[in-house]
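Asker: Listed in order, the protein sequences are those of chains H and D. Heads up, this note's numbering is the position in the first sequence plus 4, with the first residue counted as 1. Heads up, this note's numbering is the position in the second sequence plus 209, with the first residue counted as 1.
The hints are simulated quantities; they were obtained by calculation from the structure and are not laboratory data. Among the clues, some could well be false.
[Stated by the list, open to error] Derived lysine-lysine pairs resembling BS3-like cross-links, with alpha carbons at most 27 Å apart: (1) LYS51/H with LYS84/H; (2) LYS349/D with LYS28/H; (3) LYS279/D with LYS173/H; (4) LYS186/H with LYS356/D; (5) LYS292/D with LYS173/H; (6) LYS94/H with LYS204/H; (7) LYS173/H with LYS349/D; (8) LYS261/D with LYS186/H; (9) LYS29/H with LYS123/H; (10) LYS314/D with LYS173/H; (11) LYS29/H with LYS186/H; (12) LYS33/H with LYS337/D; (13) LYS29/H with LYS263/D; (14) LYS185/H with LYS349/D; (15) LYS16/H with LYS337/D; (16) LYS264/D with LYS173/H; (17) LYS355/D with LYS314/D; (18) LYS314/D with LYS29/H; (19) LYS33/H with LYS186/H; (20) LYS355/D with LYS185/H; (21) LYS314/D with LYS33/H; (22) LYS203/H with LYS33/H; (23) LYS337/D with LYS173/H; (24) LYS292/D with LYS186/H; (25) LYS292/D with LYS185/H; (26) LYS33/H with LYS349/D; (27) LYS29/H with LYS261/D; (28) LYS205/H with LYS75/H; (29) LYS261/D with LYS234/D; (30) LYS29/H with LYS234/D.
All values reported here derive from a predicted model rather than from experimental measurement.
Spelled out from the first residue to the last, the chains are:
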Amino acid sequence: MYLVDAYVRPAKADDLPAIIELEKKIGYKIVGVDDRFFRHSFNTDVKIFPVRVISAKSEDEAKSLLRNLSKNEVIIAQAKDVGALRTFSKDRRANIIEIPPRLSPYLDRNQADLFSVGKSMIGFNASNLIDEPRLFWWLSFLISYAERYALHMVVYSGARRFDEVIHPKVVLNMLIQAGVKKGRALMIIGMSRLEEILKKKVSTQT
Amino acid sequence: MYIEVIILAIILALDTIAIVILFVKLSRLKSRPITDSESRTNFLASSYSIRKLKKRYLVFSIISEGNVNKDRIQTSILRAMSKLYGEPFAYAAQPTLIFYDEGRKLGILRVRRESYSQLMASLHIAGKDEEPRILFVPMKTTGSVKKAREIIERLKPDP
Numbered sequence: 005m006y007l008v009d010a011y012v013r014p015a016k017a018d019d020l021p022a023i024i025e026l027e028k029k030i031g032y033k034i035v036g037v038d039d040r041f042f043r044h045s046f047n048t049d050v051k052i053f054p055v056r057v058i059s060a061k062s063e064d065e066a067k068s069l070l071r072n073l074s075k076n077e078v079i080i081a082q083a084k085d086v087g088a089l090r091t092f093s094k095d096r097r098a099n100i101i102e103i104p105p106r107l108s109p110y111l112d113r114n115q116a117d118l119f120s121v122g123k124s125m126i127g128f129n130a131s132n133l134i135d136e137p138r139l140f141w142w143l144s145f146l147i148s149y150a151e152r153y154a155l156h157m158v159v160y161s162g163a164r165r166f167d168e169v170i171h172p173k174v175v176l177n178m179l180i181q182a183g184v185k186k187g188r189a190l191m192i193i194g195m196s197r198l199e200e201i202l203k204k205k206v207s208t209q210t
Numbered sequence: 210m211y212i213e214v215i216i217l218a219i220i221l222a223l224d225t226i227a228i229v230i231l232f233v234k235l236s237r238l239k240s241r242p243i244t245d246s247e248s249r250t251n252f253l254a255s256s257y258s259i260r261k262l263k264k265r266y267l268v269f270s271i272i273s274e275g276n277v278n279k280d281r282i283q284t285s286i287l288r289a290m291s292k293l294y295g296e297p298f299a300y301a302a303q304p305t306l307i308f309y310d311e312g313r314k315l316g317i318l319r320v321r322r323e324s325y326s327q328l329m330a331s332l333h334i335a336g337k338d339e340e341p342r343i344l345f346v347p348m349k350t351t352g353s354v355k356k357a358r359e360i361i362e363r364l365k366p367d368p
C-alpha cells in the first residue's frame with residue numbers, strides 16, 4: 005500500500021516541481037498530475053500519472069465527453085447535473101466522480117447501484133475546503149453514503165500551489181472527524197482501488 | 210434474635226461512618242482557601258478524584274514563502290478551528306503555541322487531548338486566508354512538553 009495523492013492541478017507549470025518535491029517529502033509515492041502539465045519531465049522518485057478532469061452540465065454533454073477520452077489517463081468527472089451524474093457513474097471510463105452538494109437528493113440506493121455498475125469512485129477535492137470550509141459537512145455526507153452502500157471513496161489535495169498540499173496525517177484525521185473509523189480511513193488513504201486502476205492503465209499502454 | 214440486632218447495629222455504624230466522612234469532606238471544601246496558583250478545577254479534581262484534563266503536544270514545521278511570526282500562527286490555528294467547529298469549540302480546545310523557532314520554522318502546539326483530532330483536521334485550512342500562506346506539516350505528537358522539546362532539539366538544523 006502506497007500513499008497516493010490522486011490529483012494536483014498547479015496554477016502555473018513552474019509550480020509543479022515544488023509541489024512534487026513537497027509531496028515526496030511528506031511521504032506520497034504516487035501523484036496524479038493534471039494532463040496539461042504532465043508532459044513536463046522531472047527527476048524525482050515519485051511516480052506520477054496523468055489525470056484528466058472533465059465537466060458536464062447535461063447527459064448529452066457527458067456522453068460526448070466520454071467518447072473522446074484517452075485510455076491512458078485517470079478520469080475525474082465533475083457532474084453538474086443529475087443526468088451527467090448518472091451517465092458518468094454508470095460508465096467505466098470515468099474513474100472518479102465529483103459530486104456537488106446540490107445533487108445530494110439524488111444520492112440514493114439506485115444511484116449507488118450505478119456507481120457499482122461503473123466501478124467508479126466518489127471523489128472529494130480537499131482544496132475546496134480552503135475556499136469554503138463549510139463543505140466539511142459534504143465530506144461527512146459523502147463518506148456516510150459511501151460507507152452505507154460499500155462504495156469507494158477518494159480524497160485528494162487538488163493542490164494549485166505548494167502550500168495547498170495536504171499531509172496524510174491531516175487527511176486521516178479529517179476522515180475520522182467526518183465519521184470513518186481509523187482502520188477504514190487508512191484504507192481510504194491507501195487507495196488500493198486506485199492502484200488497481202493504474203495497473204490496468206499501464207497494462208493497456210504496453 | 211441476637212444476630213438480627215448485631216447486623217442492625219453494624220449497618221447503623223457503617224452509615225454513621227459514611228455520613229461523618231462526607232461531612233468532613235464538605236467542610237474541607239468550604240473552609241480551604243483557593244490560592245492564585247491553584248485553580249478551582251484542579252482543587253475539585255484533587256478533592257473528588259475527577260480525571261485531570263490531559264494535553265497533547267504537536268511538534269510541527271511550517272512551509273511558507275515569507276517570514277511568519279508567533280501571533281500569526283496562533284491566530285490562524287484558532288481561526289481555522291472556529292471555521293470548522295465553531296468558536297465555542299475552538300476556545301474550549303485551547304490550542305496554544307507554546308514554542309516557535311522563527312529561524313528553523315519549527316514549533317510546538319498544545320491542545321486538549323480530546324480535541325487533538327479536530328486540530329489535525331483543521332490544519333489543512335489554517336493559514337490560508339492571508340499572504341504569505343502557511344502550510345503546517347505535523348511531525349510528531351507527544352504527551353509531555355519535555356519530550357516535544359527533545360524532539361525539536363534532535364531535529365537537524367536547516368542548512
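Asker: Confirm or reject each hint.
Answerer: Cross-check of the supplied hints:
| no. | hint | verdict |
| --- | --- | --- |
| 1 | LYS51/H with LYS84/H | 31 Å, violated |
| 2 | LYS349/D with LYS28/H | 18 Å, holds |
| 3 | LYS279/D with LYS173/H | 23 Å, holds |
| 4 | LYS186/H with LYS356/D | 25 Å, holds |
| 5 | LYS292/D with LYS173/H | 20 Å, holds |
| 6 | LYS94/H with LYS204/H | 19 Å, holds |
| 7 | LYS173/H with LYS349/D | 10 Å, holds |
| 8 | LYS261/D with LYS186/H | 26 Å, holds |
| 9 | LYS29/H with LYS123/H | 32 Å, violated |
| 10 | LYS314/D with LYS173/H | 19 Å, holds |
| 11 | LYS29/H with LYS186/H | 24 Å, holds |
| 12 | LYS33/H with LYS337/D | 25 Å, holds |
| 13 | LYS29/H with LYS263/D | 31 Å, violated |
| 14 | LYS185/H with LYS349/D | 21 Å, holds |
| 15 | LYS16/H with LYS337/D | 19 Å, holds |
| 16 | LYS264/D with LYS173/H | 19 Å, holds |
| 17 | LYS355/D with LYS314/D | 19 Å, holds |
| 18 | LYS314/D with LYS29/H | 16 Å, holds |
| 19 | LYS33/H with LYS186/H | 21 Å, holds |
| 20 | LYS355/D with LYS185/H | 31 Å, violated |
| 21 | LYS314/D with LYS33/H | 25 Å, holds |
| 22 | LYS203/H with LYS33/H | 15 Å, holds |
| 23 | LYS337/D with LYS173/H | 18 Å, holds |
| 24 | LYS292/D with LYS186/H | 24 Å, holds |
| 25 | LYS292/D with LYS185/H | 23 Å, holds |
| 26 | LYS33/H with LYS349/D | 20 Å, holds |
| 27 | LYS29/H with LYS261/D | 37 Å, violated |
| 28 | LYS205/H with LYS75/H | 7 Å, holds |
| 29 | LYS261/D with LYS234/D | 20 Å, holds |
| 30 | LYS29/H with LYS234/D | 57 Å, violated |
Of the numbered hints given earlier, the model fails hints 1, 9, 13, 20, 27 and 30; all others are met.
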